[in-house]
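Residue numbers (the numbering used here), protein chains in the order written: chain A, 1322 to 1605; chain B, 1322 to 1605; chain C, 1322 to 1605; chain D, 1322 to 1605.
Rather than coming from a laboratory, the hints here were simulated on the basis of the structure.
Fair warning: there could be bad hints in the mix.
One copy or two, either will do: identical chains are not told apart, so a pair holds if it fits within one copy or between any two.
To be verified - List of simulated lysine to aspartate or glutamate pairs, EDC-like, C-alpha gap at most 16 Å: (1) K1510 <-> E1590; (2) K1560 <-> D1379; (3) K1442 <-> D1522; (4) K1560 <-> D1583; (5) K1547 <-> E1590; (6) K1323 <-> D1364; (7) K1410 <-> E1541; (8) K1560 <-> D1462; (9) K1547 <-> D1596.
There are 4 protein chains.
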Amino acid sequence: MKVVLSDNQYGKAETRVVRVVRSSDGDAIQDMNVSIALAGDFDSAHLSGDNSNIVPTDTQKNTVFAFAGDSAPGEIEDFGLRLARHFVKEFASVYRARVSVEEYSWSRLDAHDFVRQGGEKRLAMVTCTDDAEWVVGGLSDLVVLKTSGSEFHGYIKDRYTTLEETSDRILATSVVARWRYSVTSAQWKTLHEDIRRLLLDTFAATHSLSLQQTLFAMGEAVLQAKREVAEIRMSMPNKHHFAVDLSPFGTANRNEVFFAADRPYGLIEGAVTRDDAPDAGFAW
Amino acid sequence: MKVVLSDNQYGKAETRVVRVVRSSDGDAIQDMNVSIALAGDFDSAHLSGDNSNIVPTDTQKNTVFAFAGDSAPGEIEDFGLRLARHFVKEFASVYRARVSVEEYSWSRLDAHDFVRQGGEKRLAMVTCTDDAEWVVGGLSDLVVLKTSGSEFHGYIKDRYTTLEETSDRILATSVVARWRYSVTSAQWKTLHEDIRRLLLDTFAATHSLSLQQTLFAMGEAVLQAKREVAEIRMSMPNKHHFAVDLSPFGTANRNEVFFAADRPYGLIEGAVTRDDAPDAGFAW
Amino acid sequence: MKVVLSDNQYGKAETRVVRVVRSSDGDAIQDMNVSIALAGDFDSAHLSGDNSNIVPTDTQKNTVFAFAGDSAPGEIEDFGLRLARHFVKEFASVYRARVSVEEYSWSRLDAHDFVRQGGEKRLAMVTCTDDAEWVVGGLSDLVVLKTSGSEFHGYIKDRYTTLEETSDRILATSVVARWRYSVTSAQWKTLHEDIRRLLLDTFAATHSLSLQQTLFAMGEAVLQAKREVAEIRMSMPNKHHFAVDLSPFGTANRNEVFFAADRPYGLIEGAVTRDDAPDAGFAW
Amino acid sequence: MKVVLSDNQYGKAETRVVRVVRSSDGDAIQDMNVSIALAGDFDSAHLSGDNSNIVPTDTQKNTVFAFAGDSAPGEIEDFGLRLARHFVKEFASVYRARVSVEEYSWSRLDAHDFVRQGGEKRLAMVTCTDDAEWVVGGLSDLVVLKTSGSEFHGYIKDRYTTLEETSDRILATSVVARWRYSVTSAQWKTLHEDIRRLLLDTFAATHSLSLQQTLFAMGEAVLQAKREVAEIRMSMPNKHHFAVDLSPFGTANRNEVFFAADRPYGLIEGAVTRDDAPDAGFAW
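Using the sequences and the hints given, assemble the complete structure.
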């Protein structure tokens, strides 16, 4: 028996870079959280502490800042591509570079003043090897709720079942969606906005018999409308809103008063793909 | 020497109630986090475990749900007043009731579907005693940033000073503001929106020589425009954005690339009042 | 009517300094989070952006690091005193300096290796003016639980009461305690350890009829044993552990299976003092 | 082109169950956070909202509580196995059940009183299919630090490198380790304690030339000592402690004063395996 090193990667996580793009028409800001993970020939660092193949994570951080300064970063998918390509091209020991970017959005108040918009984040995850590239777009913390048009019944009952079937419940979730593009060059911003809109509209339009059904419908809508998307993966917690029993207080709860619970929560995860999607490779 | 009980209060914190107001024109939702604190004659509970003067926190929670069900809760200031008045009127042992409400806002997508808006919260803190009432409005997590129009110089230098003076820095903060009303009945929603707008506009319009100056200007604008406000208290962290030194990489940083630091941060706290404001009493 | 500046303070919050004290017997580490708040004559900064009375928060941070380097910081109460005294003595515009320190504890594995101990924190809050000084010690995140010896009954019932009385419930809380010393020089470490032990032992030894009773007993024990303590303030959430109804599954719950709820929670706050305690002044 | 459902799973996440095991010698408590994820034949729920193959997440939660009540849960690996086996055996539509348990540890003060120990968690992740089973043990939030015996040099330099080589730096990390057992029945508690001790001791004993080297050494030590472990995966953030430049204040920093930074941080991830390890299957 021998003990061996298996999959490994390393990099600088969560470099918080804010880029101001100044212009006579007023400024723009790009507020990003950039994480890098490199895989490659790092055996000697693990086995003997020989760092001759290692690009320090401090250098990775510097590279993020330097690239942000060279020119306007542009869309996070493109900024990720520039960074990931740099690491695989520049360093023989790096076989695969993955750059994950979270972007926070701001609204402009005037030429130089901004207010941050909510908790929703735009995501990009770019992976490059010496011979291939993948771009994954996404969003997180998109919190949505239906006050009507959600049912849940017809499920398996066993000796541990106490849940009542319902034809009218609140459905709420905080969507994390990541979609794999089959292209590496596109109008990312427009695509992102369109996909976000498709997700929202489909959530709203779907009369839901289960959160699974809603998830699939949302993914399907994106894939049918956007041929650049090969696959979409979603993670959707069922943020339970329990109708409070008001009968002890002499009141009926006409589906109006709910307790928003923290834990536990249902967690629904699923991927929706094209049957002719290109192989995912190292995209995820 | 004798050991004695001094100030004390207790209550149910963070009851998460979501109220749906249904209508043929489409629903509305009110998403609240309600915390209650009661003060009064609770010595016997502390000294001997005699709970005969205690309203259980579980009952307080029930009361929140029941009141939310009786009728539409209305503005959080009014909902707080209804609850706080109930506790002081109903229970002889309760001398003072404070109800704090955080409200999360949602945008309507259609008649029954909603998307949550950001991280900003609307706040109300209502305090009632047997003979007086106070309403404090507020907001938190209002994150704003100036890309220009912020200087900082002319400060004290000593042997520990290394900060360079600047006539052009990024200024960013996450505003928590609470304002004490001198009235207990008003168009709360309009007032809240107007005050929020005054805070934002003043932050943007103020050429800042220090965050203290900006804070005072924001408070002053509110007090000058809204006679219903007696006092405003603000807490504003200086969310440092440090210009990154790009010179080692052969690039100049033309005030464009910033590192957004987490800790430490400056913390600026201040109150702005009318000189003829009524006494604050138990408002805070 | 005139708009005026009222109470205000500012400072650098959460400077995370780790001090290694090296010795041939093995190292020690002191891991601290230091927050400073200065009050004084800062009107001109607020009213006109004139910073000539302002000690920059950046300088405050530097001072923390410099003082940590001068010599071993010692107990956090003493380190806080050194810092607070510095600010009031050195700067005419500073009337009051408050230094709050959180300390994280580590266990030594060998001469140079350490493992962090839990989530509990030791706290000190030191306040100095030109003519007086106050030291407040404390701890937070001390999470304790009784599986037996806790009752709750005899409370007020009204139309919103549904809670069943119980003579055997789980009692759990996360203690935050802060105690005001009547001295500014002492064996802080020993006092802290003794007080922590008194809090723990009293929680355990008290047959609880209410969390209020437990809180008072804990405070009383500290004040009776430690004449250096003038007052103790405690905040104790009632971390509810609800017995799960297992009867639908054909099992009885013999007070063995509990759901640990997140929100809402009861929150019990109280102060216990000596009747002859010196005035608290600016201690809090 | 057809849009199809791909990988999917669902379940109840974060059921917080506390089990008291009562005994005349004093009680024991088991404090767990249990998450379940089921995979199987759930196409109809996704495609048409037909829930006839769905075990509601509410039932899963009930099952956790019921099983916790049947008998003492025992080690979390065994409790996970009981639950996971139940779901695959009981429901034809469930092909794979994964049960993840976090356990928080408590120290006993006396027969009925406990104090929670720190932030470190014990982890188990059990996966069962109709024909195979996997047990993964683990721990998280084990925070360790070396004040000496850590170097970092010999790395690649490029135009973005500014980091100075060092032969004496602080090394700190918060270990997350998960190890795959090749057995499904064992003395889990003893194994866990031994593995934890090996991780700690190896961290301490390793003179570190890079965090990668330390990670590998820790994994190797576990695999060499414990034949029941087939593979170990570790994620170790480099929690940077930067030596503060005290020279502007006329003091030298003799490697004693450090700034503990939050972000960015290095993130080192790696797996160490036996070359003859059985296939991982669905273990992860």
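Determine which of the earlier numbered hints do not hold for this structure and return their numbers in increasing order. Hint check: 1, 3, 5, 7 fail, others pass.
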